[in-house]
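Sequence order for the protein chains is L and Z.
Numbering-wise (the numbering used here), the first sequence opens with residue 1 and increments by one.
Numbering-wise (the numbering used here), the second sequence opens with residue 1 and increments by one.
Derived by calculation from the structure, the hints in this document are not laboratory data.
All figures in this text were calculated on a predicted structure; none of them were measured in a lab.
Hints may be right or wrong, so weigh each one.
As the list claims (entries may be wrong) - Keeping only pairs whose Cα atoms sit at most 20 Å apart, straight-line, the calculated EDC-like set for lysine to aspartate or glutamate is:
(1) L:K10 - L:D51
(2) L:K265 - L:E236
(3) L:K75 - Z:E112
(4) L:K346 - L:D251
(5) Z:K110 - L:D84
(6) L:K10 - L:D64
Unchecked claim - In silico contact screen, one side only, chain Z against chain L (beta carbon under 10 Å); selected entries:
(7) K110
(8) Q113
(9) T117
(10) S121
(11) V125
(12) P132
No residue lacks a Cβ here, since even glycine has one placed at the ideal position from N, Cα and C.
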Amino acid sequence: MTLDVALVMKLGGFTLDLAFAAPPGITVLYGRSGSGKTSIINAVAGLARPDAGRITVEGEVLFDSRAGVNMPAHKRRMGCIFQDARLFPHLTVAQNLAYGRWFSKTGPEEARVVEMLGIGPLLARRPGGLSGGERQRVAIGRALMAGPRMLLADEPLAALDEARKAEILPYFERLRDEMGVPVLYVSHSPAEVARLATTVVAIDAGQVVRQGPAADVLGDPQVTPLGPRAAGTVLEARVLAHHKDGLSELDAGGLRLHLPAVRHKEGALLRVHIQAADVMLATHRPQGVSALNVWPARVTELRMGTGPGAIAKLDAGGQVVLARITRRSAEALDLAPGREVFAVLKAVSVAPESVA
Amino acid sequence: MALSLKVAFWATLFALPPGIFVAVALARWRFPGREIVNGLVHLPLVLPPVVTGYLLLMTFGTRGWLGGALAEIGVVFAFRWTGAALAAGIMGFPLLVRAIRLSVEAVDPKLEQAAATLGASRPWVFLTVTLPLILPGVIAGGVLAFAKAMGEFGATITFVSNIPGETQTLPLAVHNFMQVPGAEASAWRLVVVALVVAMGALLLSEWLSRRVAARVAGR
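Turn these sequences into a full structure, and let the hints steer you where they fit.
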């Protein structure tokens, strides 16, 4: 199941002109607010009409301006999860869930969806009385139950507070890992991208800046669609041990990581999002320092920003790590590609929501 | 009295489907002549009822351009209770459309989009999402139109005259009794009946709308 999108769309102040492919898994459209991500989702769903282009899924044409094809939304079988849930207020949760199924006549078993999302106790209630997190879970279930070819999630967590986000994120992971439904996911949160994305399509100024596996795209210091502040990398790591003092030890392809206790079992594989701003550089192995993670590394790329900042791309034991430092430091330390350094990361700077 | 109820009932029933259609069209669609349609719908509200009745007579009367054609297929409005219902329906139509249009405008089109992505075609979206959500407005509009139909005087008397048992609705009957010396008691009886019916309709609609509104709000 692959979605191929190529479109030109005139929006308020700029023109969206881009092409990308979404392979199975979760493809995250990553860019700042107002970069046209939602318009892309609407075009794929059939809710907005591009000025030109071609959208196909599994070879079936959903839209083709040259051939004059524009399949109506209700025939596309694209399950949408909106930022504002959009549950039908006049129907119960159970009726909301059954809505799409009634038209498609296919789709997963209700019991399985209800179990996966933990919404059994809500079935008889109406959307008006649900919390934001509950609503969004029901919305995911409603989209799934219609048996869609693909799920389109438009910033599904943006309207929720941090605690609710943490409540919903795991369901998208289960969606990715258990349901096998491909997902096109819009986000401007680096943490969400790091946790969920199989593929990242970075969008800036109406164009695709870069697309590829999450680690590649996020590890490229040239690609900072949200500005250098949000830069960071993703490490795939295995839990080695949980120590008595509340720390967990992980192994990321040879790189030893010490983090505040993660909730995963020993041996579990997980993703850790390390923000570039949390990584410090030293030319000598620091002595008497409180930070627990000190890695020998080599600078592979240095990107000087237009302001006082710079981003250094590091090779630390085969893993890509980004460090955001000042240009003054870069010059003082005489940093340049090839230079051997030590990367320092405070264990506590990695927030629990950055670990999945 | 029973005649009045019958007239008002059929007037409202037949006005509802076109009323909903016109309300949705005015609220949602952009088409040429939209303002003209809007004006036509509201015309009975601002026109003297006698003028409306006269126009109806010209159109649907036995010698009217539509009335003649309809008479051939057995549909006669002139000087029949059906004519009274037609007049009442037309007079109540603007009230109906206004109430429904407001509720259509309050429906979030995003919900209809969501329904479409779940596989519902336009007619199904309307039936399963839009219609249930505008139900409070439909009920409120229906009750208003019904009340207006019960009380309609000018257009009715002009169009179908004042025939006891056929077109003499409650307000026409009250009018009649007022012309006859010594019939004040009869007039008063009818006035009380009118008061009770009107008050009952208002209370019923209030109660119904509140119930449906709560349901639609998802509580």
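Do the hints match the structure? See the list:
1. Under the criterion of a C-alpha separation no larger than 20 Å, the hint pairing K10 of chain L with D51 of chain L is consistent with the structure, at around 7 Å.
2. Distance check on the hinted pair: K265 of chain L and E236 of chain L sit about 15 Å apart at the alpha-carbon level, within 20 Å; holds.
3. Of the pairs offered as hints, the one joining K75 of chain L and E112 of chain Z holds, with about 15 Å between alpha carbons and a cut-off of 20 Å not exceeded.
4. In summary, the hint linking K346 of chain L to D251 of chain L is supported, as the alpha carbons are separated by about 16 Å, within the 20 Å threshold.
5. With a CA separation close to 10 Å, the supplied pair K110 of chain Z and D84 of chain L stays within the 20 Å bound.
6. Between K10 of chain L and D64 of chain L the alpha-carbon distance is near 16 Å, which keeps this suggested pair within the 20 Å criterion.
7. Interface hint at K110 of chain Z: satisfied, since its Cβ lies 6 Å from the closest Cβ of chain L, which is below the 10 Å cut-off.
8. Given hint, Q113 of chain Z at the interface with chain L, holds; its Cβ is 5 Å from that chain's nearest Cβ, closer than 10 Å.
9. A hinted interface residue such as T117 of chain Z counts as satisfied when its beta carbon comes closer than 10 Å to some beta carbon of chain L; here the least separation is about 4 Å, so the hint holds.
10. Satisfaction of the interface hint for S121 of chain Z is found here, the shortest Cβ-Cβ separation to chain L being roughly 5 Å, below the 10 Å cut-off.
11. Hint status for V125 of chain Z relative to chain L: holds, with the closest Cβ pair at about 8 Å, below 10 Å.
12. A hinted interface residue such as P132 of chain Z counts as satisfied when its beta carbon comes closer than 10 Å to some beta carbon of chain L; here the least separation is about 5 Å, so the hint holds.
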